[in-house]
Amino acid sequence: MKLQHYLGGLEGLGPVSIETRVFVEPWETRIFAIHTAMMALSAQLPLPQTPSAFNTIWTWADLRKGAESLNPFDYFKYRYYEKWLGGISGYFIDHGYITAEELDALTEEYYQHPSKPLPSAGAAAIDDRVVEYLVEGDSPARDVLVTAEFSVGDMVRIENVPSVEHTRLPGFLRNRTGIVETVYPGAYTYLCDTGPDGIGPAMTVYCVRFDPNDLWPGNAEPNFSLYADLYARYVASADVSVSVEAA
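Going by full-length UniProt numbering, the letters in the sequence shown line up with residues 1 to 247, in that order.
Keep in mind the hints are simulated off the structure, nothing from the lab.
A couple of the hints might just be wrong.
[What the hints assert, rightly or not] The list that follows gives simulated cross-link-like pairs (lysine to aspartate or glutamate, EDC-like), each with its CA atoms no further than 16 Å apart:
id	residue 1	residue 2
1	K65	D128
2	K65	D229
3	K65	D94
4	K77	D94
[As the list claims (entries may be wrong)] Computed beta-carbon distance windows for the label pairs:
id	residue 1	residue 2	range
5	E102	A238	51 to 59 Å
6	A124	G200	19 to 27 Å
7	T36	H95	29 to 37 Å
8	G96	V131	37 to 45 Å
9	I18	P46	55 to 63 Å
10	S89	N219	36 to 44 Å
11	S151	V131	25 to 33 Å
12	P212	Q44	39 to 47 Å
13	P26	N71	25 to 33 Å
14	G218	L145	26 to 34 Å
15	A238	P26	20 to 28 Å
16	N71	A125	33 to 41 Å
C-beta: ideal position from N, C-alpha, C; glycine also.
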């Protein structure tokens, strides 16, 4: 199953946006700020305390899952930060911070009175925590010992994992072969367990080099390679048979 957010590399998907601005509309900066504040308030780090009522966990994974849970037709219709807004709104509703009816009422109220002041309780303390969070960072590296199955130069085949909710594996790499370029030292995990997709406990991450002619036969430019950083769950021996799902 290829989820709609990982259809890159396929032909006939329509025009490609070449927009280079990070933020196109002013409201997009606020959505980014809300997301960043939610991550900072969730972080299990020694950061400044705040009076915020936000008491659940929010990560990049939650943002991505929320956006990707949109109806596929809506996913392709909305712009980048519109998808973020949908995912964030759904999260607050699902976790009981606000009801859909209350959100609709507040939205209509601000439409009618756009100059109405926004809530600001605890904003300065939250700003301090966000700044320190951005300075400290939040690494996916874990202090555990793992043994890498493959070495630099090994030919590997990319698995076709059953992606139900979220995946870190691009669709166009599934069942393709490549060469291990780098075995990153240490072990890494994702921000959440991806279920059947297979990223849970910390594992090796490989940089795998692909020949574009193998990915897009007869439709690739010459003299370049494509590199992908892939969790060990996605990487198998090249002599492993193609999965039943892809057959």
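Here is how each hint holds up against the structure:
| no. | hint | verdict |
| --- | --- | --- |
| 1 | K65 with D128 | violated (28 Å) |
| 2 | K65 with D229 | violated (20 Å) |
| 3 | K65 with D94 | holds (13 Å) |
| 4 | K77 with D94 | violated (23 Å) |
| 5 | E102 with A238: 51 to 59 Å | holds (54 Å) |
| 6 | A124 with G200: 19 to 27 Å | violated (38 Å) |
| 7 | T36 with H95: 29 to 37 Å | violated (18 Å) |
| 8 | G96 with V131: 37 to 45 Å | violated (28 Å) |
| 9 | I18 with P46: 55 to 63 Å | violated (43 Å) |
| 10 | S89 with N219: 36 to 44 Å | holds (40 Å) |
| 11 | S151 with V131: 25 to 33 Å | violated (42 Å) |
| 12 | P212 with Q44: 39 to 47 Å | holds (41 Å) |
| 13 | P26 with N71: 25 to 33 Å | holds (27 Å) |
| 14 | G218 with L145: 26 to 34 Å | violated (44 Å) |
| 15 | A238 with P26: 20 to 28 Å | violated (50 Å) |
| 16 | N71 with A125: 33 to 41 Å | holds (38 Å) |
When the structure is compared with the earlier hints, violations turn up for hints 1, 2, 4, 6, 7, 8, 9, 11, 14 and 15 and for no others.
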